[in-house]
Amino acid sequence: MITASDLSLSATAKDVRKVRCDALVLGVVQGSDGPVLLDSGLSEKSTGALGSTLASLGVSGRADEVHRLPGLSGAEADVIVLTGLGREESATDEETLRRASGAAIRNLHGTESVVIALPAPTVAAVAAIAEGAALGAYVYTENRHATADSLKAPVTNVTVHSPVATDSAVAGVLNRAEILGRAVNATRTLVNRPPSHLYPETFATAAKELSRSLPVKVTVLDEKKLEKDGYGGILGVGKGSSRQPRLVKVEYAPSKSIKKLALVGKGITFDSGGLSLKPPAGMETMKCDMAGAAVVLNALLAIAEMGLPIKVTAWLCIAENMPSGTAQRPSDVITTYGGRTVEVLNTDAEGRLVMADGLVAASEENPDVLLDVATLTGAQMVALGKRTSAVMGDEDIRDAVAAAARRAGELFWTMPIPEELRASLNSQVADIANIGEKMGGMMTAAAFLREFVGESNGRTIPWGHLDIAGPAFNEGAAHGYTPKEGTGVAVRTLVAFAEDLVSNSK
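Plus 27 on top of the position in the sequence shown (first one is 1) and you've got the working numbering.
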């Protein structure tokens, strides 16, 4: 069972000194002459006294810096929390506010009620602060025995202090922030679950559980149905495991849909590399190789909960890639859904095989736009590092995804698919090989996927490919609203993309 976030968000324009809370969050920036406490509604005396002690307390105002202080006599808060916003000139940027809010809430686990008094002169600023709080209020504890000192529950009540709190639009952005928080945090939990607990069958069950209260339909294709219908990519990858693969189709179809959006997600619940075995260190984080499927599932559920007038279908391509006597071999030829044959030169290039089946199946329903999301290549991290995802595909779709990501506060960089890379995927014994040119491997993988995008009304379906290999799993320290391990990256981008599709179609 996936436990949804219980965070409750509200806003107030009342005198911040009279709002009772466990913790009051204030902002500090890096000024030209040292740290500066931002105006928060505290009295001039309290602001001056606190501001004059910042340097001696070791407060710098750097981004991600959070300090706790005893409550002030002029405020009804037990604790004062100072969160850094970085340089003064960018302190009111939406993503800066989102990260500062998230960092504060992430450091307040075990605290029940929090008031955030960061600069929020607009509804957009309120939205950013609320989203940061919703994303920061996450902790994964499923397999640990909690004690009072070791594991603390996340914050459950956050109030954003803002002069526009009574604006009629505020309730909507707070509701949206709560929905996004639940969707991202459910994605994180799926990614964090160990492969002993999350495998194709239980992943399919989790999809049903998460969808239960929403107007969506879930269809699960088991190994028998996959065999009957010819899903050779998913079956080929999963045949080395005792845990049989699944294809999960999730549909949200409101009565007055403006557009049709298809989402395909890679769901490798554990990737050993198969017979092309990874080294031990390369397997340590491979429970995260199903992040793409978790992303498309929860993005669809968020869109459904928001009630957007757009039909969305998510295809979760789920398998476990294991070595055994029944595993596919390098040089095997498989027949993917739709009939195209693939020479499997490397069993560790398995994600593109399950995605091939999903892309063909999604194309058969003639969507207006087709997006796929996958932790597809280590080359993504070589090219862009561990915090920036890549988006490739048709230029218009690629650029629209990047624009949606900027609005959502996620880092995506557009990359090309050079035509010369396609020739490296040629095979002597099949229609295409599953690996090609090593240099630029992220783009070569995208060139492979593009071969399985279908046509609608005589033209190729508009398509975009999101490679989130590094950003999906945070191996380093927590930062901003991002915890260790599963990050939930791309959920917010997909939701923003769907909102843009609706907006641009009116």
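Just so you know, the hints here were simulated from the structure itself, not pulled from any lab data.
One thing to keep in mind: the hints can contain errors.
[Stated by the list, open to error] Each computed BS3-like pair below joins lysine-lysine, with the alpha-carbon atoms no more than 30 Å apart:
(1) K251 <-> K235
(2) K413 <-> K179
(3) K511 <-> K179
(4) K72 <-> K41
(5) K251 <-> K276
(6) K235 <-> K179
(7) K287 <-> K251
None of the values given here were measured: they were computed from a predicted structure.
Verification of the supplied hints:
At most 30 Å may separate the alpha-carbon atoms for a hinted pair to count; K251 and K235 meet this at roughly 20 Å. Between K413 and K179, the direct Cα distance comes to roughly 28 Å. Compliance with the 30 Å bound is thereby established for this hinted pair. Proposed proximity of K511 and K179 is supported: the alpha carbons are some 16 Å apart, at most 30 Å. The suggested pairing of K72 with K41 holds, with an alpha-carbon distance near 19 Å, which does not exceed 30 Å.
Restraint check for K251 and K276: the C-alpha separation of about 16 Å stays at or below 30 Å, so the hint holds. For a cut-off of 30 Å, the pair hint linking K235 to K179 stands: about 29 Å separates their Cα positions. For a cut-off of 30 Å, the pair hint linking K287 to K251 stands: about 29 Å separates their Cα positions.
Violated hints for the displayed structure: none, as all numbered hints are satisfied.
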